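Visitor: Which chain is which? The protein sequence lines are A and B, in order.
What the first sequence shows, in numbering that gives the first Met the number 0, is residues 0 to 162, in sequence order.
What the second sequence shows, in numbering that gives the first Met the number 0, is residues 0 to 363, in sequence order.
Because the hints were derived from the structure by calculation, they are not lab data.
If you're wondering where the values come from, they're calculated on a predicted model, not measured in any experiment.
Even glycine gets a Cβ: it sits at the ideal position worked out from N, Cα and C.
Check before you lean on any hint, since a few could be wrong.
Stated by the list, open to error - If the Cβ cut is set under 8 Å, some of the chain A residues that face chain B in the computed set are:
no., residue
1, Val58
2, Gln89
3, Phe92
4, Arg141
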Amino acid sequence: MFRRAFLAHGLLLAGFGRQASVRYAALSTPVRIPLEAVKTPWAPVPFKAEAVARQARRVLLSGVLFRRSTTGERSELSAVCLTCTHEQCQVDFIAEPTALPRTDRVMTHPVFLCACHSSVFDAADDGAWIAGPAPRGLFRFRMRVDGDAVEIGEVEEEALFAV
Amino acid sequence: MKIRSLMLVVALMGSAAISSNAQSAQNARGAAQEKIYISLENLEKDNLAIVDIATFKEIKRLTVGSHPHGLTSPRSQSVLYAASEIGGVVTLVDTVRDQVVKTFHVGFGVEPQNGAVTPDGRLLYQPSYAGYWQVFDTQKEEIIDYIHTLGIGHNTVMAPDGKFVYLLPIAGGDGHWRRPSLGLPRTQPKEVTVVDAVAHKVVGTIPVGAGPRPGTISPDGKRLYMNVDDHMGFLVIDTAARKVISRATMTLTADEQAVRSRSHGIAVVNDGKEVWTNDVVHAVTYAFDVTVDPPKQIARFPVGRQPYWIVTSKDTKTVYVNCPSDDVLIAFDAATKKEKARLQFPKGTHNTRMTVVAAPRTTT
Numbered sequence: 000m001f002r003r004a005f006l007a008h009g010l011l012l013a014g015f016g017r018q019a020s021v022r023y024a025a026l027s028t029p030v031r032i033p034l035e036a037v038k039t040p041w042a043p044v045p046f047k048a049e050a051v052a053r054q055a056r057r058v059l060l061s062g063v064l065f066r067r068s069t070t071g072e073r074s075e076l077s078a079v080c081l082t083c084t085h086e087q088c089q090v091d092f093i094a095e096p097t098a099l100p101r102t103d104r105v106m107t108h109p110v111f112l113c114a115c116h117s118s119v120f121d122a123a124d125d126g127a128w129i130a131g132p133a134p135r136g137l138f139r140f141r142m143r144v145d146g147d148a149v150e151i152g153e154v155e156e157e158a159l160f161a162v
Numbered sequence: 000m001k002i003r004s005l006m007l008v009v010a011l012m013g014s015a016a017i018s019s020n021a022q023s024a025q026n027a028r029g030a031a032q033e034k035i036y037i038s039l040e041n042l043e044k045d046n047l048a049i050v051d052i053a054t055f056k057e058i059k060r061l062t063v064g065s066h067p068h069g070l071t072s073p074r075s076q077s078v079l080y081a082a083s084e085i086g087g088v089v090t091l092v093d094t095v096r097d098q099v100v101k102t103f104h105v106g107f108g109v110e111p112q113n114g115a116v117t118p119d120g121r122l123l124y125q126p127s128y129a130g131y132w133q134v135f136d137t138q139k140e141e142i143i144d145y146i147h148t149l150g151i152g153h154n155t156v157m158a159p160d161g162k163f164v165y166l167l168p169i170a171g172g173d174g175h176w177r178r179p180s181l182g183l184p185r186t187q188p189k190e191v192t193v194v195d196a197v198a199h200k201v202v203g204t205i206p207v208g209a210g211p212r213p214g215t216i217s218p219d220g221k222r223l224y225m226n227v228d229d230h231m232g233f234l235v236i237d238t239a240a241r242k243v244i245s246r247a248t249m250t251l252t253a254d255e256q257a258v259r260s261r262s263h264g265i266a267v268v269n270d271g272k273e274v275w276t277n278d279v280v281h282a283v284t285y286a287f288d289v290t291v292d293p294p295k296q297i298a299r300f301p302v303g304r305q306p307y308w309i310v311t312s313k314d315t316k317t318v319y320v321n322c323p324s325d326d327v328l329i330a331f332d333a334a335t336k337k338e339k340a341r342l343q344f345p346k347g348t349h350n351t352r353m354t355v356v357a358a359p360r361t362t363t
């Protein structure tokens, strides 16, 4: 009993630690996109966002907002930065991936693919890394549903130093 | 008498015609065929495209090792070495017949990158991502020496006379150091290593202040031009003095400055008078006049998405820019800076690195 409780708390703490380790920075101006625009699953809506990095450096980010399923839940929306975390090339959304480079994994849903060095990211998992030289997944934006729009207000702080 | 003279004239004309035809045939046999060999990053099979420069058409595909990431050819231009990131192999290609001759499985280490072969074709300087260059004897078909530069072995520039070879290890940012299971070196040397290409001995280093990226060299071997990390443009290195003497800097718009990019791909153009290089993220290629110091920007023009690599025809009058995100190869006239033609590859082909070879024509 004690062992189970210890494990449960340990896992909770580990999860909390992982969540807390990702820091987000506010965008200079939140980006608003009508919910209607992301009604269709796997139809990314491109947007530009602006933020300020260290030493007051202005940073422009290219992102996409998209719906991963048709349930209509807020959690089914993703917003990721299109800058590859390897060497800043812009990744492409591949709606129907066939054979993927650098992996034998068969994907039945869309991915993001970098043309420069073939890094692959999972569109169904918020841009998580799948394959290739990129060291991590795509940078993520934080968003909230506000009335009939999605408001994208923050981006992973690491993105500001990498892009 | 008149008839005899007429016969003589006819005989002489016939002889001249035969001689002329023979000379034409000789020229046809002797003339080289310029071709661009292009790595197709995204493909496992048929991953080396061959484009005939005269017609600007793709004439053949070959399958070399997985993810070709470096192409080099000796002065004879009759062969090509293609290094493959995955599988740790180098493939030998016959550029006369455009056939794969053999694949060298000699332990080229983690992710072989862009090597350079000596003009006589004897030694291939083959970098590995793990932080060293291998000296591969192409006749013995074995690695005969290792040169440790630390950093990540990546790009290599051979001097035109073959006396020196310049090793350009990338320093690497997070995108490199965090890569799993590569056992990478943890140093960021920010220098070029100069090697006696015949003796394969290090003879010096050139501090460059940032991670070296692709480089190229002037026709007389006196200037090494090199992209580096976090500088939009390139450095000018005096190879005799072994030091950076100036830097060429792109003029970016305010919006371009707000999006981090990198310079990647560089070529000497117009008989050594110009250097062209890419701004990858903003999809722009720049031309600089390098007859002045520092080099002066003389043109910038939009290209396809993610321009990645630049080469020229052998006369340096036509420039080729590979744009893998659009799967397009663009040809520019060096004099007018105008686009001449585009070669569109199938979507998802991802044409990245390339080299131009003036292959001897087959005599058969």
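Visitor: At a threshold of 8 Å, is the proposed contact between A:Phe92 and chain B supported by beta-carbon distances?
Guide: violated, 12 Å
Visitor: Once the shortest beta carbon distance from A:Arg141 to chain B is found, is it less than 8 Å?
Guide: This hint is violated: A:Arg141 lies away from chain B, its Cβ roughly 21 Å from the closest one there, beyond 8 Å.
Visitor: A closest beta-carbon separation below 8 Å is what the hint needs, so does A:Gln89 meet it against chain B?
Guide: holds, 7 Å
Visitor: Hint check: is the beta carbon of A:Val58 less than 8 Å from a beta carbon of chain B?
Guide: holds, 6 Å
Consistency note: the structure conflicts with the earlier hints numbered 3 and 4.
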